[in-house]
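K.L.:
Protein chains in written order, with the numbering used here: chain C, 103 to 392; chain A, 108 to 224; chain U, 5 to 233.
Hint data in this document are derived by calculation from the structure and do not stem from the laboratory. There's no promise every hint is true.
In silico lysine-lysine, DSS-like type, Cα no more than 30 Å apart, as pairs [unchecked claim]:
1) K133/A with K170/A
2) K170/A with K133/C
3) K171/A with K133/C
4) K124/A with K133/C
5) K124/A with K223/A
6) K170/A with K124/A
7) K133/A with K171/A
8) K171/A with K124/A
Chain U stretches covered by chain C per the calculated footprint, using a threshold of three residues with CB under 8 Å from any CB of chain C [said to hold, decoys possible]:
9) 71–85
10) 218–228
From a predicted model like this one, the values you see are computed outputs, not experimental measurements. Note that CB positions come from ideal geometry on N, CA and C, so glycine has one too.
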Amino acid sequence: MITDIVLRDLTVRYGPTVAVDGLSLDLAPGKIYGLLGRNGSGKTSLLSVLASYRRPSSGTVTVGGVNPFENRQVMRQTCFVRDTLDVADSDRVGAVLSFAADLRPTFDREYAARLLDTFGLPAGQRVTTLSRGQRSILGAVLGLAARASLTLLDEVSLGMDAAARTTFYRELLADYLAYPRTVVLSTHLIEEAAELFEQVIIIDRGRLVLHEEADVLRGRGVTVTGPAAAVERFVAGRTVLSEQSLGGVRAATLYGRLDDADAARADADGLTVGPVGIQELFVHLTGAQR
Amino acid sequence: MLDDRSPIYLQIANGIKDDVLSGTLKEDEQIMSTNQYAAFYQINPATAAKGFAQLVDEGVLYKKRGIGMFVSPDARARLRRQRRERFFADVVDPMVAEARMIGVDVQEILDYLGRKR
Amino acid sequence: MTVVARSLFRIYRPIIVWFWCTVAVVAAVGTAVLAQVAEVKLSLWIIIAGHGLKWWLLVIGVMLVATHFKLYLANGVTRRDFLLGAGVFGAITAVGYAAMVPIGHGVEWLVWTAFGGPPESYPAFSAAGAVREFGHLLPAALGWLVSGALITAGFYRFRWWAGLLLLVPAALPLAVTDALLGIFGPEDTPSARVLPYAAGLTVSLLLTAAGTAAFYLQMRDVAVARTAG
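The task is simple: from the sequences and hints, build the whole structure.
P.N.:
Right under this line is the structure:
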């Protein structure tokens, strides 16, 4: 089941709070998406609708042209791992995996056991005794071994230490290469996960800020530094994300690629042009207005 | 090797070009597949594929259907020609500009280069 | 049986075995001790198992919503399939539990016979009596199960104060079934009975069916709650 996901005017409300606000989005199948947004930006609500964990307050979502809500074929092929982890706390790790294997036709129990080994998580340990990082690992194992055509991972790497995160990224990429599927990964650790993304979706306060190929986004932002007057002249008519001054020197972060003529002009004006990474760009796109 | 501040497909393309120029990759030699490349450098395979596509467009690589990508027979010569054309603009001119700024005159540079020969 | 029902039985098999072993041990030891000091006028098995099973099914009803619902949804099961599977599991469990009481009663009676016959006032075992016990316990088991599930569904779907308000109607299948049918059958508590058995059974089953429908309506499109653990 490799299918397109289409969201139209999606709104999720909790009483008076609007978590997702008229969001429209098209997701082509078989890609790894990075879903980026600050805390409370509506990421989890959006994923909950994609996973049929809740109905949208208004708007539509279709997966392969059909409404996924209570659709047996679609829901069976969807795996949503929340940071709160939906497992039986009294169970042992091995039992949690066996339970998933019983219910999910696509679940690879042997692969799950290999992943436990790789991460160093004992199958005999009870869920209640797991540390924050170990819970995150269990979530990652469940999400990977489910091999669901639509895999939604919400902040799964958050509690892991640096070594576990590196293992997680490597396993995610390796299994994705072997079993291509649609993966939506929401994370705050943008810098270290960014190279896995084919496309990046940035949402802020429930609205779509940007949906772009990750590699197009890299180098989409530039910083221009130099004498204040020259910087001001140069940035006129461009999208300025942020500005900083120190004495007579000004640094401006611009959104948009510079062509060769722009670069030559900046050079002639004595300006220094530098690149901006995806994480910096994200901070500028979602941080300034609050 | 890769950084997050410029498009990765360009970094990949440039890395492969450097390997061809230095002779690490021989002409008509098969290069890693997109998936091998993605796994090795821990990047999205679509990004790696885009880098390869760029090199095919530029004639550095050629595709054999169902087998993989290979270094074009004339890739090295072609890349050398391109880099030589840009050498003075990309490497020498900035050096001369820097030298002027710090008061190193051209004769000093020539003397230095003479000793390097 | 559905995938969900089979999986629920796998989870509950050890707990079910543990429940009945405990009841059997307590009833046997209790009866043996009692027989030393006085004439045994009752079946401890019927009392312990009969009361125990109602509470056990109430807890199952609560657990199905509070714990299992989320776990099955998280593994790609639709609400409809979960509710259907949980219904099959609950119904089979209720039937099995209700049947265990007369079966155990029969075993107890056989043991008494082997030890020289039960005391005169001990409730004698008969086929008709067994059917009557089953006929009273099954609707009670179903009522308690549905009430447990429905009460929890109110808290799961709505805010706590709405759940509290809904608790009263949600407890009706349990309360009314208990009042109308009890567990010991018509001969044991004739004065407490306001309706003949057939009428009591009808009212009880109708209330339980209504409770089941209300439960389904509350759960069929409910959001999967975001709770830790």
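K.L.:
Each hint should be assessed against the structure and marked as holding or not.
P.N.:
To see whether the hints hold, each was checked on the structure:
1. Taking the CA atoms of K133/A and K170/A, the gap is about 15 Å. The hint holds against a cut of 30 Å.
2. For the given pair, K170/A sits about 23 Å from K133/C by alpha-carbon distance, which is consistent with the 30 Å threshold.
3. For the suggested pair K171/A and K133/C, the alpha carbons sit about 25 Å apart, so the restraint of at most 30 Å is met.
4. Distance restraint check for K124/A and K133/C: the Cα-Cα separation of roughly 27 Å lies within the 30 Å cut-off, and the hinted pair is therefore satisfied.
5. With a CA separation close to 26 Å, the supplied pair K124/A and K223/A stays within the 30 Å bound.
6. Restraint check for K170/A and K124/A: the C-alpha separation of about 16 Å stays at or below 30 Å, so the hint holds.
7. Among the hinted pairs, K133/A with K171/A is consistent with the structure: their alpha-carbon atoms are about 16 Å apart, no more than 30 Å.
8. A hinted pair counts as satisfied when its Cα atoms are at most 30 Å apart, and K171/A with K124/A qualifies at roughly 19 Å.
9. Counting residues of the stretch 71–85 of chain U whose beta carbon lies closer than 8 Å to any beta carbon of chain C gives 13, which meets the minimum of three for the stated coverage.
10. With a cut-off of 8 Å between beta carbons, the stretch 218–228 of chain U has 4 residues touching chain C; three or more are needed, and the interface restraint holds.
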